[in-house]
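Number of protein chains: 2
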Amino acid sequence: MLLSRIKGPEDLKELSGEELELLAEELRSEIIRVTARTGGHLASSLGAVELIIALHRVFDSPRDRILFDVGHQAYAHKLLTGRQEKFDSIRQPGGLSGFTKVSESPHDAITVGHASTSLANALGMAVARDLQGADYKIAAVIGDGALTGGMALAALNKIGELGKDMLIVLNDNEMSISPNVGALAGYFKTLQVQRWVQDAEKLGKGLLERISPRLFDLADRAKEATKMILHQDNPFYAWNLRYVGPVDGHDLKGLVYLLERLKDLSGPTLLHVVTTKGKGYKVAEEDPTSWHGASPFSLEAPLAKKSRYTWSAAFGDAVTELADREEKLVVVTPAMREGSGLVRFSQTHPERFLDVGIAEDVAVTTAAGLALAGMKPVVAIYSTFLQRAVDQVIHDVAIEKLNVVFAVDRAGLVGADGPTHHGVFDLALLRAVPGMQIAAPKDALEMRAMLRAALRQSGPVALRWPRGGVEPAIDGAWPECSWGSWQVLKEGGEVYVLAFGKTLPYALAAAADDPRIGVINARFIKPIDKNALSRAAASGRILTVEDHQLTGGFGAAVLEELQDLGLKPQLRRLGLPDRFTEQGDVAQLHARAGIDAAGIRKALAEMGVTSAAAVRRGG
Amino acid sequence: MLLSRIKGPEDLKELSGEELELLAEELRSEIIRVTARTGGHLASSLGAVELIIALHRVFDSPRDRILFDVGHQAYAHKLLTGRQEKFDSIRQPGGLSGFTKVSESPHDAITVGHASTSLANALGMAVARDLQGADYKIAAVIGDGALTGGMALAALNKIGELGKDMLIVLNDNEMSISPNVGALAGYFKTLQVQRWVQDAEKLGKGLLERISPRLFDLADRAKEATKMILHQDNPFYAWNLRYVGPVDGHDLKGLVYLLERLKDLSGPTLLHVVTTKGKGYKVAEEDPTSWHGASPFSLEAPLAKKSRYTWSAAFGDAVTELADREEKLVVVTPAMREGSGLVRFSQTHPERFLDVGIAEDVAVTTAAGLALAGMKPVVAIYSTFLQRAVDQVIHDVAIEKLNVVFAVDRAGLVGADGPTHHGVFDLALLRAVPGMQIAAPKDALEMRAMLRAALRQSGPVALRWPRGGVEPAIDGAWPECSWGSWQVLKEGGEVYVLAFGKTLPYALAAAADDPRIGVINARFIKPIDKNALSRAAASGRILTVEDHQLTGGFGAAVLEELQDLGLKPQLRRLGLPDRFTEQGDVAQLHARAGIDAAGIRKALAEMGVTSAAAVRRGG
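Protein chains in written order, with the numbering used here: chain A, 6 to 624; chain B, 6 to 624.
If you're looking for bench data, these hints aren't it; they were derived computationally from the structure.
A few of these clues could be false.
Copies of the same chain look alike in the list, so a pair counts if it works inside one copy or between any two.
As the list claims (entries may be wrong) - Below are the BS3-like pairs computed for lysine-lysine, each with C-alpha atoms no more than 30 Å apart in a straight line:
1) 142 to 406
2) 268 to 333
3) 258 to 169
4) 333 to 142
5) 287 to 535
6) 573 to 607
7) 406 to 91
8) 535 to 12
9) 268 to 12
10) 169 to 333
11) 91 to 18
12) 18 to 142
13) 287 to 258
14) 258 to 12
15) 406 to 169
16) 333 to 406
17) 258 to 18
Same shape as in the complex, but just chain A (with noise of 0.2 Å):
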């Protein structure tokens, strides 16, 4: 194999142009067969092969920095860049990230899984660059979808005005996640088509067929479009950036040949290029959101994908039961529509369905705008993604107690994706807020529930929940809820063990038929159950459980509680340290972090309350 003999971006110097075409299809086979194995971000890699080989052809990374933006379309840079032999470990427990990282490796110029991070590292790196006298190239790598979210078009506003050295790579496959949204994405379109044919005609057919044929072919067929195009304005320009495109994205020749005369050019530069998501693997070109993150998958019966009922699917089957009852109802979301289970909403209620693009800012200042409006909106967003709108939780929504619901997805950790993505600290951020109510269901049941309730309440509510499998809720039930209550699921007499979500079902196996043992359902975080809280106290310990870091957590907030109550029960709290978490298998995590059965039942022990069944299991 070709492959093999690469060691580092410095071998793919001597290939000749037929020796690069074959390693992009080795790399994808590369790609294809480990991903099947471990699931991973398929489609997005294999629309980038041509321009990652590209770019390492001409850039000399690590001395040039190259920035992938989310990072997640890296694995052919990673296969290039010394990783081939831990290649099958992408994603796994040690393994390597399904991201760029920094301590990973010296060719990944960032630590990234968020998007529109990358033009600000650029400048950032730009600034210094220029200020320590150095001259080494920066090249930042960036979707149309993350192009969509505002600090992507802020960073380029400022990058535009001091007009540093760099190369801006616009790689443009009209989709984020989900099919893109905003009127830029519509302005690439015609932006495609334009300027296929004015360069066809400066260039003249025969340059243009040397640089690009299969941008020649399209700029040909472009022709006929001409007469849609309307205006001819390009918003690059205005940003101050050189504008060089749209090429062909999987024209290897036309890429190297087009990077070779842009990296020494002074000023910022954008390069447009047209991929296409899931190239080459034709079960991915034809539903690149369904393999965007693909889960582990059969090479042989590559469409016999296992499919489980998750968190996320019930609650966009809740959401969507409910909008047929609650004409006010209007899901918000930022480009997070299959992955937050509305897929179906947006297809039954498409007038309430509103996709922002990557904008989490967005998401939650329009949701304020449709409750001012008096509209009932529910912002579908993941845990970790709702970092990005602090603010506009507290400025835009909690100040005028606005009745906003967050439906928290990805609660907890999540496994693979790693610290870029757990969403461990949506607790301690929202307990802040004044006027903030937090809840989060235990079953699919108890969240239909939650959810038709928090549409009643006044002012802001999160409801939260965790990536994975749940068992479905008989459809069209509407259980009642006793809005801020907990739940005691079994009677103890020395101990409660507190516990929500993620974390109950290890409390109950904890607890097993121990009857010294009790466990609340501890399912209103913010504000807390002070009735139950005080009797859980009464028998004089308490074990608080949480999926989310320990500082200002779940046990932090029921010590608060505790202290401003004047009760003095022996206390346990038991999460995430204070640490990042690093990717795994979620219920390993759990056990390492001493949050599962066994964990509590250490932390029992430890306590004074030996539990009788911990004793027959050995514990």
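With chain A's structure known, arrange chain B on it following the hints.
Frame of chain A, contents of chain B only:
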């Protein structure tokens, strides 16, 4: 006075053009008169007088929704919507807000204070309106500075895609607070010249002169500049917005004429209005930056401003001197050069001063890029604005333990700016970030020591200080700081008060010379000084005092630490309750929250320590 006859916007409908001009003059006088007494956002409010008159003449508020981005330019709006009698109370305790506020008036469409939120709010309202089958108009006024904010740009993207009916008025005064940064700002200038020329040529002298004589005049002069125009691209077309302008924002007649014609158009329209900040008040026109947020001033001698040495100035002096010694130091600010005390730094170290515009997320991630490339970035940011970059602190800085120093100004209650601007969440938000170190100096000298030491740490550090005055430190003094250690300022036999920053003088006053009461400068909030805490706990009682929300704040940190250490002293936590604090005099607000000296004495008494000093004072 004409103004006194205006009870609401409907009274504008019948006024003649001359009366409207007269009204503008009267509004200016009233704004200047009151702002001289109360302080406030003088320059922006003066610049928007004609625009606001024209909007209320043409639109029907409150049925039509007029949104003011940031909301600080809306003094004329308050005066025209039934709040003349209360106008003297603006920014005063219990008085009108200095910003628009939904709970204050039905004419205030949004509650605001932070920039760039109006467009997402308008989007939400437009979606709601259309779902409800209503037909009211929506007009959002946004400055060119706020439009550099990412969430405004991202919202524009979605507004353009949906094509919702709304008017966006770009109030272009070439300023945010500091002179504007960013490529778009330069672009707007080009655009002004270019469009004037085009309009003049297209419409013919007659029509343009009729619509806007002043504009025509400018256009005529601008013809000379046409040779400098390099391109004709307009980013707003790319966003699918109808673009009109630029027009003279002080030409009342022209504005009314245009708004009448634009208000019924379908789809989104952007009207580009050019205004002068401080318009009509010579000192403010000449120095709009100083007159952005004016302190009370003398109408007779407006330039004889009291200058008080502030925490911001102390930071500015310290970081400027430090930059002389540390050549890797770079300061990044999100449009807060003046507010953060950085004018001197920007002049002495211009190449190491980076103002990224109103884009807190970009500021933090640019600092990450700087740190990755070997520099020592200091992000100068207000506590309230740091809320906008929580994810960037977590994702871009903390995961890789980058040594970025956050210089957090305006921490604690800020006074007249009220709930949108109080800096009372930073501890709760930052404490949750793994590896974050947080400290608060008690005076300017300690700030210098901490700042220097912070740059030597590995990992992120946040230093926080309040708004307001401080005694200057001696220039050139760089004391050592025993990193992580608290300081026992006064030994005590029965209780220790743990305070820092703004509450420390209160604690010392409350303790007076009572030997039972100890006082500790608990200057490191994370991590906590375990030894000092244990020592304090040995006294049997601890009282924590903070100018911050109680939930998740310093007292909560002490509680968590005591629990981890297994210590159980009697504990009381003083701080801000779980609601938003209104505007007011800071000392009064502290008294009301019970965190001043009297509050501390009261709490000590309730804990069983009746201070001798308190008894003497009748407390």
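Hint-by-hint comparison with the structure:
Taking identical chains as interchangeable, the C-alpha atoms of residue 142 and residue 406 lie at most 30 Å apart only when they sit on different chains, with a minimum of 25 Å there against 49 Å within one chain. In this assembly of identical chains, the alpha carbons of residue 268 and residue 333 lie at most 30 Å apart only when taken from different copies (27 Å versus 53 Å within one copy). Taking the shortest Cα distances, residue 258 and residue 169 sit within 30 Å of each other inside one copy (27 Å), while across copies they are farther apart (43 Å). In this assembly of identical chains, the alpha carbons of residue 333 and residue 142 lie at most 30 Å apart only when taken from different copies (20 Å versus 52 Å within one copy).
When the C-alpha separation of residue 287 and residue 535 is checked against a cutoff of 30 Å, the pair qualifies neither within a copy, at 57 Å, nor between copies, at 60 Å. Proximity of residue 573 and residue 607 under a CA criterion of 30 Å is satisfied in both settings, with 22 Å inside one chain copy and 23 Å between copies. When the C-alpha separation of residue 406 and residue 91 is checked against a cutoff of 30 Å, the pair qualifies only between copies, where the shortest distance is 25 Å, while the shortest distance within a copy is 51 Å. For the identical chains of this complex, residue 535 and residue 12 are neighbours neither inside a copy (61 Å) nor across copies (49 Å), given an alpha-carbon limit of 30 Å.
In this assembly of identical chains, the alpha carbons of residue 268 and residue 12 lie at most 30 Å apart only when taken from the same copy (24 Å versus 64 Å across copies). Proximity of residue 169 to residue 333 under the C-alpha cut-off of 30 Å is restricted to the inter-copy arrangement: shortest distance 19 Å between copies versus 48 Å within a copy. In this homomeric assembly, residue 91 and residue 18 come within 30 Å of each other (Cα to Cα) only inside a single copy, at 23 Å, whereas the closest approach across copies is 74 Å. In this assembly of identical chains, the alpha carbons of residue 18 and residue 142 lie at most 30 Å apart only when taken from the same copy (17 Å versus 60 Å across copies).
With identical chains, the CA atoms of residue 287 and residue 258 are at most 30 Å apart within one copy only, with a shortest distance of 23 Å there and 62 Å across copies. Proximity of residue 258 to residue 12 under the C-alpha cut-off of 30 Å is restricted to the intra-copy arrangement: shortest distance 22 Å within a copy versus 71 Å between copies. In this assembly of identical chains, residue 406 and residue 169 lie within 30 Å of each other by CA distance solely across copies; the values are 26 Å between and 44 Å within a copy. When the C-alpha separation of residue 333 and residue 406 is checked against a cutoff of 30 Å, the pair qualifies only within one copy, where the shortest distance is 18 Å, while the shortest distance between copies is 45 Å.
Only within a single protomer do residue 258 and residue 18 lie at most 30 Å apart by alpha-carbon distance; the minimum there is 13 Å, versus 66 Å between protomers.
The earlier numbered hints that this structure contradicts are 5 and 8.
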